[in-house]
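> The task is simple: from the sequences and hints, build the whole structure.
Going line by line, the protein sequences match chains A and B.
Numbering-wise, the numbering used here puts 307 at position 307 of the first sequence, and it's gapless, one number per residue.
Numbering-wise, the numbering used here puts 188 at position 188 of the second sequence, and it's gapless, one number per residue.
I should point out that these hints are in silico values taken from the structure, not numbers from a laboratory.
The reader is advised that the hints may include incorrect statements.
[What the hints assert, rightly or not] If you want a taste of the chain B side facing chain A, the calculated C-beta under 10 Å gives, among others:
| # | residue |
| --- | --- |
| 1 | V16 |
| 2 | A22 |
| 3 | S25 |
| 4 | S49 |
| 5 | A53 |
| 6 | R156 |
| 7 | F215 |
| 8 | K219 |
| 9 | T222 |
| 10 | G224 |
| 11 | F264 |
| 12 | L357 |
A virtual CB, placed ideally from N, CA and C, is assigned to each residue, including glycine.
Protein chains: 2
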Amino acid sequence: MSELILEEITSVLNTVLKKGEAPISLHEPYFAGQEAEYLKDCLDSGYVSSVGAYVNRFEEELCRFTGAKYAAAVVNGTAALQICLQLSGVRQGDEVLTPALTFVATANAVCYCGAVPHLVDCEPRSLGVDGEKLNDYLEHITEKRSGTCFNKRTGRPIRALVVMHTFGHPANLDSLLELCGRYGLQLVEDAAESLGSYYNNIHTGNFGRLSALSFNGNKIVTTGGGGAVLTNEESLYRKAKHITTTAKIPHRWAFYHDEVGYNFRMPNINAALGCAQLEQMNHFLQLKRALANEYRYAFAKISGVSFFSEPDYAKSNYWLNTLILSEENAFLRDDILEKTNNAGIQTRPAWVLMNRLPMFCDCPKMDLSTAESLEKRIINIPSSAKLGEPYYTPEGRI
Amino acid sequence: MSELILEEITSVLNTVLKKGEAPISLHEPYFAGQEAEYLKDCLDSGYVSSVGAYVNRFEEELCRFTGAKYAAAVVNGTAALQICLQLSGVRQGDEVLTPALTFVATANAVCYCGAVPHLVDCEPRSLGVDGEKLNDYLEHITEKRSGTCFNKRTGRPIRALVVMHTFGHPANLDSLLELCGRYGLQLVEDAAESLGSYYNNIHTGNFGRLSALSFNGNKIVTTGGGGAVLTNEESLYRKAKHITTTAKIPHRWAFYHDEVGYNFRMPNINAALGCAQLEQMNHFLQLKRALANEYRYAFAKISGVSFFSEPDYAKSNYWLNTLILSEENAFLRDDILEKTNNAGIQTRPAWVLMNRLPMFCDCPKMDLSTAESLEKRIINIPSSAKLGEPYYTPEGRI
Numbered sequence: 001m002s003e004l005i006l007e008e009i010t011s012v013l014n015t016v017l018k019k020g021e022a023p024i025s026l027h028e029p030y031f032a033g034q035e036a037e038y039l040k041d042c043l044d045s046g047y048v049s050s051v052g053a054y055v056n057r058f059e060e061e062l063c064r065f066t067g068a069k070y071a072a073a074v075v076n077g078t079a080a081l082q083i084c085l086q087l088s089g090v091r092q093g094d095e096v097l098t099p100a101l102t103f104v105a106t107a108n109a110v111c112y113c114g115a116v117p118h119l120v121d122c123e124p125r126s127l128g129v130d131g132e133k134l135n136d137y138l139e140h141i142t143e144k145r146s147g148t149c150f151n152k153r154t155g156r157p158i159r160a161l162v163v164m165h166t167f168g169h170p171a172n173l174d175s176l177l178e179l180c181g182r183y184g185l186q187l188v189e190d191a192a193e194s195l196g197s198y199y200n201n202i203h204t205g206n207f208g209r210l211s212a213l214s215f216n217g218n219k220i221v222t223t224g225g226g227g228a229v230l231t232n233e234e235s236l237y238r239k240a241k242h243i244t245t246t247a248k249i250p251h252r253w254a255f256y257h258d259e260v261g262y263n264f265r266m267p268n269i270n271a272a273l274g275c276a277q278l279e280q281m282n283h284f285l286q287l288k289r290a291l292a293n294e295y296r297y298a299f300a301k302i303s304g305v306s307f308f309s310e311p312d313y314a315k316s317n318y319w320l321n322t323l324i325l326s327e328e329n330a331f332l333r334d335d336i337l338e339k340t341n342n343a344g345i346q347t348r349p350a351w352v353l354m355n356r357l358p359m360f361c362d363c364p365k366m367d368l369s370t371a372e373s374l375e376k377r378i379i380n381i382p383s384s385a386k387l388g389e390p391y392y393t394p395e396g397r398i
Numbered sequence: 001m002s003e004l005i006l007e008e009i010t011s012v013l014n015t016v017l018k019k020g021e022a023p024i025s026l027h028e029p030y031f032a033g034q035e036a037e038y039l040k041d042c043l044d045s046g047y048v049s050s051v052g053a054y055v056n057r058f059e060e061e062l063c064r065f066t067g068a069k070y071a072a073a074v075v076n077g078t079a080a081l082q083i084c085l086q087l088s089g090v091r092q093g094d095e096v097l098t099p100a101l102t103f104v105a106t107a108n109a110v111c112y113c114g115a116v117p118h119l120v121d122c123e124p125r126s127l128g129v130d131g132e133k134l135n136d137y138l139e140h141i142t143e144k145r146s147g148t149c150f151n152k153r154t155g156r157p158i159r160a161l162v163v164m165h166t167f168g169h170p171a172n173l174d175s176l177l178e179l180c181g182r183y184g185l186q187l188v189e190d191a192a193e194s195l196g197s198y199y200n201n202i203h204t205g206n207f208g209r210l211s212a213l214s215f216n217g218n219k220i221v222t223t224g225g226g227g228a229v230l231t232n233e234e235s236l237y238r239k240a241k242h243i244t245t246t247a248k249i250p251h252r253w254a255f256y257h258d259e260v261g262y263n264f265r266m267p268n269i270n271a272a273l274g275c276a277q278l279e280q281m282n283h284f285l286q287l288k289r290a291l292a293n294e295y296r297y298a299f300a301k302i303s304g305v306s307f308f309s310e311p312d313y314a315k316s317n318y319w320l321n322t323l324i325l326s327e328e329n330a331f332l333r334d335d336i337l338e339k340t341n342n343a344g345i346q347t348r349p350a351w352v353l354m355n356r357l358p359m360f361c362d363c364p365k366m367d368l369s370t371a372e373s374l375e376k377r378i379i380n381i382p383s384s385a386k387l388g389e390p391y392y393t394p395e396g397r398i
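Here it is, written out as structure tokens:
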């Protein structure tokens, strides 16, 4: 029986991915636009570094695409998250509610602020934070003192909740916004994976006061390395630009800085790449959705494994396509990883949960049984946009 | 009299810079090599992000050029410095001896480690840390307890000394190494400005156990944004690579991280630019030296202002050419800045001293009278490599 599923999964992957040549990566960037021209333009203009027209243009294009009023381009998604947390008021000795099922950067960024990640569970429907379960938990372990939510067990203030849109699928934001309102928490969206994903027709990153995007090489669009802080509040945007630009007071020649700032600006050359990539964003989204549809159709025939689809309320970018093994087939995960990777089809498990990493294992945490179950059963499969290209269309080969 | 100097300085700048067209920047990058080809190659290969052949090649070329055994490319010079300090053992609550005369990133990086900058004075000969004066100071305010140097006044351990090679001119490293040995301090070189600068024929960055380089757009070679950690110890290099790569344990698919790490890797696209730039390094150094020689000759005729030249022990990259007004002409600084900038010749003063910035004004500090005097009198003048190109040579126009 188990051998059968193993064979079936590999066979489906081979069928869907027949168009790709082995080895097939998990997620490759796709450069089919003005990338080379814009890079050349940077060289010709002499502007490759932290000042340049492409940085402004990239920020404007991000606003246009996401609907956010303001975007501050930074050096990567981790830096963006650190700025979001800091501008949310997270300080030394605070706790920040952080998903256990996430990439390590989410929890690291909390640490950079001197705060402690307080690990929370996810729900199977979205793979994002489980608002209902978290509410029950907070009811027991917190108390409000002069408007601030305190962890009764540790005595520390709980300042914020970071919600991460796992593999691009939007978390259930309404329930989480309600929860944040009830407990006086700042909501920060870790939207590193969800550029192009919508919650009730509104782009992710518009629900937290501050949200972080990433443009790493494995993301839906890339700047080489890069990230952005999104916000709809002008004062937060100005503050974000200020502290990511070494907190320098603008002046024709004087170097005066008014607080401890960061060198987090995105270089112009990286922004140029991003501008070219964003121009192709809608095409990438179409291709990724087409690939997800192919996977969904093909895996529907196999029992014991399900292809993860966007929640009802969401339109997802299907950044990283995801299989979930049934409980009884969980033990097959490593065999499948082994077999597919050996066959040149790159697959990977979910991240090791934060509570199982040595630096976070002593952090406060709620019951994490859903995350623990999912971690054992998740397998991510190749998701590059170009894999969604049809071989033939009525108009001919694409 | 004062009017005269003002006229003379502007006139000399106009003469030396006649070859440039106004406006003349303080420091522009120079792209005359394989920049466009290498960037195109990144796009063609699909490797633009944190994995790629140019990152390794750039690190190797840096080693070859500097003579350091190991180089770890990172996202910028500030990040490099943060890693140097952390790997030097700087921790929360420590003090780090930091020049008052430096760019704010030096002191910021100390803060990122949770440590406190302890501000120290510089000497007029090198503009770097004054080892003799610092020694006298430490003799009074420190005591050794079980091998560790403590500040008797604050009770905090003093863990390290950061020496910065101001405007590219090497500090007096022998005296500083001796001092570090005597007090049990780690020496970290902030070599952000001194790629191409040598102390007693050894490249800067080889004297501290860990050193930081920068490749910002205004540096002698640029990667857009970028930096590197240099070291001659393999274990420190491995550690630097590890914690700048999110402390991930290499594995074909598993995401296991064993400590709080950073997303500090230099993207391949930025490294590609750096490789092309490093190929032209010797030419850039020649041009910059030629420009400095022109300035030196021209300013020698003006009294009341001196052109700053490399110390005897050093060969400098003349990264940022520097005028120093005499004490009695210090009051002219802002007039000169105003007049030259208005005329399209970009000039700037020294950085505002760290002890005058609000976030560092309460930091412990020694007598800073030399830095305070120099701050009032320093003017940096245009220094781009291309300004060193002769109009004519025996072989004809270059």
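> Can you list which hints this structure breaks, lowest number first?
1, 2, 5 and 6
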